[in-house]
Amino acid sequence: MARIGVFVCHCGENIGRTVDCARVAEELGKLPGVAHAIDYKYMCSDPGQALIKQAIAEKKLTGVVVAACSPHMHEKTFRRACGSAGLNPFLCEMANVREHCSWIHEDRDAATDKAVDLARFIVEKVKRNVPLETIRIPVTKRALVIGGGIAGIQAALDLADGGAEVILVEKEPSIGGHMSQLSETFPTLDCSQCILTPRMVEVYQHPNIKLMAYSEVAEVGGYIGNFDVKIRQKARYVDAANCNGCGACQKACIVRKVPSEFDEKLGKRTAIYVPFPQAVPNIPVIDRASCAYFKAKAKGVKKDACGKCKEACSKGAIDYEQADTFVTEKVGAIVVATGYTLYSIGKDQPEGLRGYGEYGYGTIPDVIDGLQFERLASASGPTAGKILRPSDGKEPKRIVFLQCVGSRDPAKGIEYCSKICCMYVAKHTMLYRHKVHDGQATVFYMDIRANGKGYDEFVRRAIEEDGARYVRGRVSRMYRDGETIKVQGFDTLSGEPVVIDADMVVLATAIRPQPGIEQLAQKLSASYDAHGFFNEAHPKLRPVETNTAGVYLAGACQAPRDIPDSVAMASAAAAKILGLFSKAELEREPTVAKVDAALCAGCFHCERVCPYGAITRIEVRDRKGNLVKIVAEVNPGVCQGCGTCQATCPSKSVELQGFTDEQIWSEINALLA
Amino acid sequence: MRAKTITEEELCTFVADLVAAGTRVTAPVRAAEGKVDYRAITRFEEAAIGAELPRRSLKEFFLPPTEPLFSWRQGKGDVTVKPVSVSFPPHVVLGARPCDAAAVEILDRVMGWDYRDELWFGRREATTIVSVACPGIDGSCFCTATGRGPDSTRGSDLMMTPVDGGYFVEAVTPKGEAFVRTHAARFADVADPGTTVAAEAFRARARSRVAENLTLSLPALRSWLGSSFDHELWRTIALRCHGCGACASVCPTCHCFDIVDEPDGVRAGTRRRNWDTCQTARFTVHASGHNPRTDQNARFRQRVMHKFSIYPDRFGEVLCTGCGRCARACPGGMDLPEVLKTIAALAGADGPREAAV
Amino acid sequence: MALPAEKIEAFEPRITAFVCNWCTYTGADLAGTSRLQMDPNVRIIRLPCTGRIDPLFVIKAFERGADGVIVSGCHPADCHYTSGNYHARRRFAVFNEILGFLGVEPERLTFSWVSASEGQKWREVVNDATARARRLGPFDAFRALAGRSA
Amino acid sequence: MKELQELARTLLSSGTVGVVIGWEEGPRGARPAFITDAADSSRLIFDHRCTHNLATYLSPRRPHMARLGKAAIVVKGCDARAVAGLLRETQVKREDVVIIGVRCGGVAADPAGAKPLTAETVAERCPGCTAREPHLADHVVGEAQPEPPGAPTRDARIAELDAMSAPKRWAFWQAEFARCIRCNACREVCPMCFCERCVGDKTEPQWLESSPHPRGNFAWHVTRALHQAGRCVDCGECQRACPADIPLGLLNRKIAGIVADRFDYRATDDPTVPAPIGAFSMSDRQEFIL
Amino acid sequence: MNSMEPAHGGHGRPTLAEELRRATGRNPARCYQCGKCSAGCPMASETALRPHDVMRLVSQDRREELLAAESIWLCLTCETCVDRCPNECDPARTIDALREMASAEAPASVPRALAAFHRSFLDQVRLTGRLFELGLMAEYKLRSGALFADVTAAPGMVSRGKLGFVPHPIKGVKEVRRIFDACERANQEKP
Amino acid sequence: MKVGYYPGCSLHGTSREFDESLRAVAEVLGVELAEIDDWSCCGATSAHATNHLLSVALPARNLALAESQGHAEVLAPCAACYNRLAGARHEIATDAALAARMPELIGRPFANTVAVRNVVEVLHGLLPTIRVRAGQPLAGIKVACYYGCLLVRPAEVCSFDDAEDPVTMEEVVSATGATPVAWDMRLECCGGALSVSRTRSVVRLGRAILNDARAAGADAIVVACPMCHSNLDFRQSAMVRRGEAAMPVLFLSELVGLAFGVAPDRLGLRRHFTSARSLLDRVQPPAAAREVR
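Chains as they are written, first to last, in the numbering used here: chain P, 1 to 673; chain V, 1001 to 1357; chain E, 2001 to 2150; chain A, 3001 to 3290; chain F, 4001 to 4191; chain W, 5001 to 5293.
Hints were generated in silico from the structure; no laboratory data involved.
For clarity, every value in this text was computed on a predicted model and none was experimentally measured.
Note that beta-carbon positions come from the ideal geometry of N, C-alpha and C, so glycine has one too.
Chain V residues, not near chain P, derived (Cβ > 10 Å throughout):
hint : residue
1    : K1004
2    : L1018
3    : I1049
4    : K1082
5    : W1113
6    : R1205
7    : V1260
Computed footprint of chain W on chain F; a stretch qualifies when at least three of its residues, placed anywhere within it, have a C-beta under 8 Å from a C-beta of chain W:
hint : region
8    : 4079–4087
9    : 4101–4113
10   : 4173–4185
Make a model of the complete structure from these sequences and hints.
Right, dumping it as structure tokens:
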């Protein structure tokens, strides 16, 4: 027979004013199985908690119900108190008679009746509670960082410096990310590569960091503290162990006009290449699609396939037969730092997005995007830092920048602000003026969002010192008139239509997540928003965590971010993980599901609905070892306790601890006294 | 008591008067789907006497599919129990099939054997069963093979045989005789001896028609069953059986029930008795999860054994009236008369017709 | 099934709410901290997620005398467990239509998305469900099922 | 018929299978047959009376079937959807069953139905059938058959019910459910009811009262319907088995309509098409949610 | 604020934005005044209020000013603004709805020539079921007072066989008239 | 191929040549134009600007007629009619309440099943046939394809081509053997809606279009809209009188007809206000063209 103690809290006047707490205690005391029922001014206070502990000891309580505030407020408090009195904490539950009762009703009788009901439900539930043990999970003190841009680099270094082993996976041949493409950075105009490349080298040399460039995450299994990650190392066709980075192969390569990804197709590279001179690791990659050797092979040419790089390599590092390899690593936490890609205005768009026909769908050669401008402005770029138009190499004397191209444009499918464009456009106008002294920059904008430290001053400087002409309005249309680009807009401040003749136009196109991010998110069981950005666990309080325990976010994979934000997130994620790694074991609430193998029919609906992949299939065999059936089993380390499996299971053969069918059934059945 | 007759017209007023006087009258009635059910009537015109065999038998009027046995309520440290009433208003079943009527009497044995089931007998005593001789339904009828017949009077208080314009009526039990006496004005004496002859002819025709379907030696059957528990017949007999129990639901003699406690909230509840059947897998599941009847073959064997061996061993007669409902209702095509024929062949029991046990 | 005015006056519907812990329960907490006054007819049963809410709960609540039931959780894309609410949405879309087909007035059952920040919306859901149940009167049809045993 | 019998003979005598599940002539018309001996293959028949959905016999909850060895099963195009359902829900492995499809021109509601098949005797599900050609099959036998006679009528009945007021609909179904005696025949014959322990038999707690009173009956039929959403293959076995003739087919048809309308799912013989329950789409209609 | 209540613009009357939202199904509040509509508007150089100005005045609930503005009658309904609007505001449809409101509430503000044109046009259609262009021109010129405009064109039109002299009502002309009546009635019944 | 034909008021009046040329071209292409019996006016701009419901109901009547006369699709050559018909179809298809109201409003059963097509779309669908039938008479002739506004906007209604970068008319023109030029004003509005009531605006807009076509080196402008035609052709006549060079404005069907070797008179070319003589002079005689083939 149950012996439940009921403790009704007045919360000072908060509950007592509208709920007759004494009557609640009295009514509850009449219930079978209730051994003790009292009310008290402040249950959460030390004397209040002492009352509970004392009753547990004296009345030999088998369960405790505290009728007070929301469990979100004090469930932990009271469970701890019960625990310290020797009662399993999970035999204690709260009835919410404050937020859900006294604070929202005025009629004292009605509120008291309701408080009695609410407490009665919980009494009936607690009668069917069973002691649960906190789940303890060992922690592998290694972290995986996905993405080797500035966010990933920062996270990896912070983690490594903190003593954790790190595996840094980067899908490109070199780490560095978009930041390595930038010329200068706002608002200080310091050289991007100057601050970045030392960090890249540091990553390469750090004893705690294992760098896996030109690699991708193939599969993720396991759970916080115990992830199993399968990583695909793409074939470079260059043996990294033998290559000394001398560059002879690139010099020998006969294919020299491949549009360079690093230079945003404004420059050229060879088929065997390193993306840029400061690349880390400095090991070339053969681009199979452009390589003469592989093309010839594909056509079936047996002899006379190119092979120039192989001939040139004194170390014999070229290996045309190399294949993708897979390695599996065990890690305890994962940082996602996959960064962003730019929206393009072209006709072909992913689902849900539309291109800009009114801007010529990207067919006007001297209309470029922000990253292309960065490459033009960069000393390491294809023009050695000279601003020259792609079509004819002439210096543009009239340049127009358009902000919010794609961003804040629901009609094209993106309603969000890309956050960094206001700043980099201002930077671009400055860089432009510094390089083309007699040039005129015009910026079409809608709002200026420059809300970081020194940001607004920076934009003002562009306007006040560097002569950028800002026009508030969106451009309706662009078309070519000979060598001139006509930019047809509207100055909403002067109220006049304007057509500006430009030699070059730079579009601040929207920031979008990396393609394929949905697949990665699914591998990680992490959620993402309608645009494909990762969702943080809480927008304010848990900005670098995901809903999947042990998976953290850094940088623009979560939303458009600038460098300081990305770095801050990376350090925050690293700090979170170091905190996690500071314990030998993790503690988890035991609110997890459990399958009754005898009753499971193995339809695996649970497996399909589980958001965490916590369901595995196990074989049931009879004594002779014959296979009887295959049934579901819950991995308690992965299960987060949503209970969707239980509601979905047709035969109710899986039970969520803490919210079992018996418990809910009892609550419902307590509906009427 | 001498045989009587009653006309259709008289039955109309008779039923109306009985209902008006507070007697519940049940008769076969054509339901919306064209099927016939035993149901309460208020006018004789509603009845479909002599039409198709009703979907279910008479047993539910004595052992309902569900009935409360008592209700309880838990207080602080005590429990109060509220019993159910075992007295019932007068009830007349008009137009019962002889196979259904016989089943009720057969079940009296088991219901009153070591413990008298007050609810069963309360209803039995309140009820007068007026049967109508059956012309036979179809090829699944085998009442004659079970030792009864389409004109069997077992279980009937009164037996009526259709004749021109009305019925030839014989009282079978004292209760039946009393019924005729109480309502003497409703019945007429047999005026024309031809009526008696016609009634007997009707019955003889029916008997021979049904007998063509199946003949059995029940003792031989019983003795074969008694010694053939492990016969290989039982290994494949019920492959097509779904274990759905439709046979038991419609069977006039299957009487297994389950006792359940149905909560009414967390502190009160009702104990009920619900129909159950040995044909479902969970019928014999032990608390441990072990199930001695491992498969459907074993469950079907149980059904045959119980009806033709175990019950006769204890109560001296087979627990089957040959109505054929089980064969008609089976979605899987299981056919009891066919099975009996098979067993009879194995037992050498397909010999001459047996007299009633 | 409209009731005469005086009966409506006397009748206080009983409403059971099955809500998820993260959005609606917290939204109801917010309604409390914001002191939003609402009808006292709703009793909340807390579940971790709408994904855990089984149509059986609703049937049982009606059997136990509820005049109305509320099922509420996180808005699409907001699920704490990423997708429990989507599964719940499918499940209850079917359940709702089946109940309707079997003759349960759709107003007896309220589904809503109430986020942790929508205390105000929670009040509306509660008051609307109460008003609807009050208008329909006691769910006698369902309660009669219990009384009419064979 | 010859073709079918020959195929069965070959499968059995070659040892490919231990049993062929098909139909044979019984005392009351066609009925399921279980041929384990090649010599008995000539017992197999297929005609318009073979209304039974034999897929039920593949359920892993039938140990006595498993003892006969690997099974070959004869299916009509519509029955194949049930086999697909069992494959989809991992109850049967594809390599563990040989599927023999038969081309069908509609079947009678009653396996004892006389020839020829007419609009009066045809099973409700057959007129307008789109699943007559078996696709999920290792062997397909028989000639192409003519369209089943009669016109589809069930959607009209559903529309009729939909048009009623809620209390009227309630009264209609209560009258039907009142006859239910909870014998569970509907469940036992259903090829898609394969749970190890039905929720209807769960006792701790007992969500569904097992007593055949109106309350228990209502809860049971709602739950059965819900569990059939996206599972039911419309074979009509439940209604045929029901000793109380409750129009379960009507309810099943309604569910099929809901699932088709909302989730664009229709019973299919393609086991790779995922079941609609247990899946979701971000854009599922939610007009019923505030 | 109770979100269930409609927004009101004083005097218990719904705001212009609210009314337009109902009429067009688009929410004028989505406009963020980027001016892309006006940038592409072929009439922007001629009108006092450009499309984005119209949207602005709508959001400011400046009803009288808008309904009296000549500008709303100068829209060509070329839909350029509609296709380019980043927020799918549909200025053209908004302007159409404003024209309907102006015709009903402030008929005097409708430019005479335009009112005359539309009236004449629809009268012709109501009369014969189709447009009889010569009849239209005659009626329009009488109504608008622009007796001499395009006067040089008519003979040219006739000589090129472009204008017939006799209107032929279609068989279903009564049907067309019923449609006119029903639509006008529906318009008057609008809240 | 048989298609429902909704000529609209203009094609029976001011734009007879559009009708004539279209019928001539259809004959060559083997397309039967089945005129919708008893069609009525679509309401055009006037209904649109004054009574929205009317602007849906009038087209709906015609779509209902087409439906009852067994057409799956209807060709509305006039761009304004096309826009109104397609617009009404779209609105009814996306607004269930409106759809429910329609049958009563127009007094006819109406299921909104008829697809609405314009001339460019239909001719584009016949590109292979046009290529085969066209000779070389238009070789060397440069044409500015003018879409205007009603043919391509709004995008969700006129989805047959890209609203900002349409290509269909250029592809038809290429199929005739003429050469489409690249120019900027092909989507700008000519001001048709104000043609009668505010002529000065229309002249301004038209002039810009004509000038741009000229600057792009076009020998002629091709249109698929009676209003555009009237604005560019008729309004241009005054400019020509003032001594500006004439820029012939042809209906697309006229151009296709010329490519097929149909006599200019049968195509109604003499009905233009701005002479197409300069163009016709450069067209190769049909016989010669055939020889080339």
